[in-house]
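Residue numbers (our numbering), protein chains in the order written: chain C, 1 to 648; chain H, 1 to 648.
Hints were generated in silico from the structure; no laboratory data involved.
Honestly, I wouldn't trust all of these hints.
[Claimed, not checked] SDA-like cross-link-like pairs, simulated, lysine to any residue; straight-line CA separation at most 25 Å:
1) 246(H) - 392(C)
2) 567(C) - 297(H)
3) 246(C) - 297(H)
[To be verified] Facing chain C, according to a computed beta carbon distance under 10 Å, are these residues of chain H, among others:
4) 63
5) 304
6) 570
Every residue gets a Cβ at the ideal spot worked out from N, C-alpha and C, and that includes glycine.
2 protein chains.
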Amino acid sequence: MYTKNFSKPLDLRAININDSFWKKFLLIAREHVIPYQWEALNDRIEGAEPSYCMRNFKIAAGMMEGEFGGCVFQDSDFGKWIEAVGYALMWHPDVALQKIADEAIDIVCAAQQPDGYLNTYYIINGLEKRWTNLRDNHELYCAGHLLEGAIAYYIATGKDKLLNTIKKYIDYIAEVFGTDTNLLPGYPGHEIIEMALVKLYNLTDDIKYLNLAKYFIDQRGQSPLYFEAEGELYNNNFHWKDSYFKYQYYQAGLPVREQTSAEGHAVRAAYLYSGMADVARETNDQSLLQACETLWLSIVNKQMYITGAIGSSAYGEAFTYDYDLPNDTIYAETCAAIGLVFFAKRMLEISPISQYADVMEKALYNGIISGMSLDGEKFFYVNPLEVVPEASEKDHLRRHVKVERQKWFGCACCPPNVARLLTSLASYCYTQKEDTLFMHLYVGGNIQLNLGDQDVCLGVRTHYPWDEEVSIGLTLKEETNFTIAIRIPAWCNQYMISVNGCPAAYTLTNGYAYLERKWHDKDEITIVFEMPVRINSAHPNVRENIGKVAITRGPIVYCLEEADNGKGLHRVCLGSAPDFTCQFEEDLLGGVVTITSSGQYLSDENWDASSLYHADITPIMQNKKLKWIPYYTWANRTPGEMLVWVRR
Amino acid sequence: MYTKNFSKPLDLRAININDSFWKKFLLIAREHVIPYQWEALNDRIEGAEPSYCMRNFKIAAGMMEGEFGGCVFQDSDFGKWIEAVGYALMWHPDVALQKIADEAIDIVCAAQQPDGYLNTYYIINGLEKRWTNLRDNHELYCAGHLLEGAIAYYIATGKDKLLNTIKKYIDYIAEVFGTDTNLLPGYPGHEIIEMALVKLYNLTDDIKYLNLAKYFIDQRGQSPLYFEAEGELYNNNFHWKDSYFKYQYYQAGLPVREQTSAEGHAVRAAYLYSGMADVARETNDQSLLQACETLWLSIVNKQMYITGAIGSSAYGEAFTYDYDLPNDTIYAETCAAIGLVFFAKRMLEISPISQYADVMEKALYNGIISGMSLDGEKFFYVNPLEVVPEASEKDHLRRHVKVERQKWFGCACCPPNVARLLTSLASYCYTQKEDTLFMHLYVGGNIQLNLGDQDVCLGVRTHYPWDEEVSIGLTLKEETNFTIAIRIPAWCNQYMISVNGCPAAYTLTNGYAYLERKWHDKDEITIVFEMPVRINSAHPNVRENIGKVAITRGPIVYCLEEADNGKGLHRVCLGSAPDFTCQFEEDLLGGVVTITSSGQYLSDENWDASSLYHADITPIMQNKKLKWIPYYTWANRTPGEMLVWVRR
């Protein structure tokens with residue numbers, strides 16, 4: 001269980017999010033994405049590639065005849081879906097949804113083999129082939145997702161059928177893997193089971209599950225490389241043989257404690273690091289925690305986009321090298337930003353240092369929700385910071401950069417990942433450590449918790465991130481001592497914290513303002529975070545952003561869109577002394593603060609269209625009014641150019 | 001034969017190049033590349049992939065047993081080699097080389113089939129499969145190269161064995177292809193035979209060869225598409241099915257007269273357009289000439305690098321779209337720039353307009369010779385305008401961008417193409433139309449020709465492109481009237497032409513100064529082309545060069561190299577009022593004019609290395625002296641960064 005050395009997230013059931021910004025996303029996830037995904041899992045979406053997910057389970061269960069369909073990791077789609085269902089049920093009981101879920105669970109559980117094994121790809125294609133390609137065939141990944149889903153559904157409903165089924169599968173896995181004689185010294189090619197196992201350990205208090213997670217992490221990348229031996233033994237084709245990263249694509253080229261830079265497939269990397277943080281926390285493993293901190297800094301100081309996105313290259317959906325952050329050929333998978341939030345959340349639970357929450361906030365308000373259309377019906381895998389429609393059409397290097405969100409994908413990793421994140425958003429907002437409540441994110445709603453041995457209710461009211469003010473009303477029976485630790489965002493230079501109208505006393509530690517005092521019923525905390533428009537530069541080593549700036553306000557990154565600013569956005573300059581005007585536009589893009597600014601535009605009036613190069617020409621800059629919209633809202637109107645980093 | 005409406009190149013045998021700049025390249029081509037290539041064709045280069053070229057001919061000739069080796073187009077390597085040998089023999093008799101060539105020709109000719117067919121891939125792998133994949137298997141391409149080689153060798157030596165053999169092959173081809181019943185309505189997937197056929201027509205005056213060239217051009221892209229039908233008939237895999245260009249990869253998606261933008265594989269495109277110009281010239285086909293002019297402008301006004309390189313994308317080694325000129329993910333194949341010179345040469349012969357020669361000069365002095373190391377031993381296929389070694393190593397999009405020239409390639413298209421261009425360089429310098437001699441390029445040496453019914457000798461002395469002055473001494477028996485048309489380069493705003501020390505009278509037409517007068521023995525023309533350093537901008541539509549400039553002096557494009565300027569070249573700015581100093585450095589890079597200038601460098605002294613983004617920071621620009629070297633000389637010292645387009 002969580003030890004007292006760490007702060008732990010609050011129970012999702014104790015938080016009722018009622019936030020002017022997030023509520024609509026949560027409703028979309030619950031009311032749109034979850035039902036839509038269920039249709040997708042059952043191949044009932046017209047015009048979309050079939051998922052085959054539930055069909056595979058039925059075939060594996062002997063309930064129908066057929067061949068395995070879809071990607072090798074299709075089982076994970078059910079895992080993600082049932083996980084999102086679980087979270088949604090925690091804050092919104094729904095009998096009909098539970099009934100659908102229970103019926104689905106019956107199908108999934110029916111596919112389990114007598115020994116506990118449960119992976120439809122190998123059940124259908126031949127059990128004798130199981131565990132012959134851990135590197136690429138996602139068996140342990142699917143097990144991890146099923147386990148995460150089973151736990152969420154159990155916590156939400158108390159129903160343990162799925163949990164018991166998956167636990168049996170995990171118990172079987174624990175008998176297969178390890179360094180003892182007769183065990184397979186392997187580990188997953190795509191990580192996630194590590195996180196899931198620690199959740200199971202936290203739920204059951206059974207050390208076996210923590211030990212299995214620890215084994216998968218400690219064994220990873222040990223010499224001789226398991227993936228290399230496995231590949232040779234089973235003659236598995238190695239797709240990354242000629243790549244730069246080779247086994248580091250799987251973060252498996254070195255023992256994890258020797259890995260000092262984030263490398264390879266970005267989602268896998270973030271999931272591994274999250275699992276490492278989980279194990280470090282539970283086992284108090286300082287060398288593992290040190291590795292997490294090193295890898296964290298490798299990401300956030302060297303390889304992270306200003307939107308919180310990660311993964312610079314479509315090739316391998318991967319990290320590349322320090323300061324390589326192309327805006328146009330970018331990958332920046334929605335799932336990778338979600339993975340970074342998982343990692344940040346875990347680091348924050350270990351060490352309440354605001355930079356972890358800053359990154360979490362950055363990714364949540366920018367690089368993750370950009371992955372979903374405002375109506376929740378279309379999704380981006382790839383979240384570029386610069387888009388030119390003609391390039392996406394005609395330049396092979398940018399064909400993965402879509403100009404419009406897509407309906408659904410055969411490989412549907414991002415949409416259900418967004419759903420499970422949004423439905424569990426409340427667990428990212430707060431953590432508690434003894435009598436200290438940490439407020440990491442500013443999301444309106446009500447929270448019930450026990451502080452200072454008392455039931456306390458907090459009512460958070462705010463129009464954050466558009467508005468600078470956050471109010472927190474306290475309800476408690478008797479006056480009592482406890483601490484509320486308020487994150488001061490890194491983007492905020494000026495802020496004011498008051499209690500009942502008077503400036504509050506606090507100590508500032510690691511970016512948190514600790515308000516330690518005797519609290520009374522009806523106490524009201526008011527925080528004002530000043531939100532001027534900020535002009536951001538990237539480190540001079542970032543080639544792609546040299547001479548360019550990005551506009552932010554509060555946690556929100558802004559962009560220019562063709563719909564507001566016309567074509568040729570690369571010709572825009574912000575100028576040296578821009579003036580900014582912010583305005584809340586209720587009817588635009590679901591209600592957003594837009595920014596207008598002065599700016600300039602490189603004219604071609606001194607150019608002959610028939611000359612491509614011209615010597616000794618003086619650039620003619622014309623004044624141009626610029627309109628900036630929040631990055632996450634781009635591509636919700638007429639498709640066109642988009643740009644985040646603009647010339648200064 | 002060439003009609004009087006066109007200017008024709010001088011006989012290579014009448015020109016003795018003795019130029020301070022080019023002589024060394026020509027000697028390298030003759031003394032290094034030709035012998036080295038012969039070793040390569042015979043698989044005798046240690047550490048290089050075997051070529052299999054001569055071995056294939058021996059196997060096809062029944063002189064040895066074995067399987068076909070190398071690429072499907074390996075026969076063309078012999079064609080290019082013998083062509084370069086032919087050109088070299090025209091200006092430097094070499095009995096030993098001729099003996100080697102004759103023995104090689106014996107082998108090649110021995111492989112010919114009774115019906116005339118001569119392609120080792122199909123002779124070895126089964127003649128019944130010939131002409132089943134014109135689209136991808138390069139049969140007609142190989143035939144074209146063999147023909148070009150045979151013609152050059154015949155002109156050089158008078159020996160007709162190879163010419164007769166290949167002519168028999170061509171006669172056979174003429175019986176296979178056409179739109180008549182029982183003929184194949186096909187055309188080459190990789191063009192070149194069109195140019196070769198017109199050369200054969202010019203040599204033999206046999207209209208059949210011109211007609212075949214015309215057929216290949218007119219039939220190309222006609223509906224129904226031959227390549228589509230062929231692919232279906234023989235079940236040939238279509239690599240470009242999902243690409244943007246599809247059949248335009250081969251310039252075969254539309255009839256050539258309907259093609260308005262240069263598309264697809266850049267080398268193929270340039271070869272096709274060259275062949276089109278040849279046929280337009282010989283047949284006086286105005287619609288075809290119009291198509292050539294349109295495609296020419298599509299390249300030079302929209303898709304050409306400042307170095308004369310073409311082909312923006314490694315994917316398909318191809319053109320992409322207007323103004324898409326990335327400097328770092330560029331392809332810019334050496335062969336494509338050579339193809340552009342072929343095209344320019346032909347357009348210039350039709351219309352003596354200086355822009356054709358300007359492009360020819362630009363490509364020759366920059367994007368082509370950049371493909372060869374100064375010692376002639378290593379070669380680039382890809383000629384980038386921006387290089388970062390770490391990116392070439394770790395970014396998949398730039399893995400084709402090499403930091404160092406390579407020794408030789410299995411697919412050895414570029415080195416022998418450079419060799420055949422350099423050995424025939426003199427044919428690009430001058431053309432004659434009746435009594436007008438056009439001087440397109442300024443290359444020192446002696447020229448014998450007949451002008452005004454007299455034998456005239458011109459002695460050109462110059463240190464161009466480093467020096468501004470070109471002197472031309474005339475030797476003739478009797479005073480006589482003729483015209484010397486001197487190209488005024490587009491880069492030159494100030495020039496002075498004098499004869500015997502007095503300003504000369506001339507008329508300026510289409511960029512040529514026509515000196516029409518009565519000439520006397522020992523007349524001396526002196527031209528001074530002022531060569532200030534120029535700061536060039538690209539059209540504002542070129543996203544990659546926005547806010548950047550490139551430095552040129554005369555025809556030479558300059559670059560910054562890490563060896564002179566340190567790392568982080570992306571941080572360099574030229575500043576608004578740079579001063580330039582030019583200096584001839586005899587011992588540097590074979591003797592070049594280098595430029596030093598003032599400049600600036602974005603410092604990171606106000607950056608914490610641990611922050612990737614920073615708000616409201618003022619950039620600190622430090623003064624930095626910059627040293628520029630000619631672009632073509634880059635990567636001849638310690639490998640490192642290189643940059644052409646620098647922030648203003």
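Hints versus structure:
Of the pairs offered as hints, the one joining residue 246(H) and residue 392(C) holds, with about 16 Å between alpha carbons and a cut-off of 25 Å not exceeded. About 24 Å separates the Cα atoms of residue 567(C) and residue 297(H), which keeps this hinted pair within 25 Å; it holds. Proposed proximity of residue 246(C) and residue 297(H) is contradicted: the alpha carbons are some 45 Å apart, above 25 Å. Because the beta carbon of residue 63(H) sits about 37 Å from the nearest beta carbon in chain C, more than 10 Å, this interface hint is broken.
For the restraint placing residue 304(H) at the interface with chain C, the shortest Cβ-Cβ distance is roughly 6 Å, inside the 10 Å limit, so the hint holds. Contact between residue 570(H) and chain C, as hinted, is supported at the beta carbon level, the nearest pair being about 4 Å apart and thus within 10 Å.
Going through the hint list in order, the structure does not satisfy hints 3, 4.
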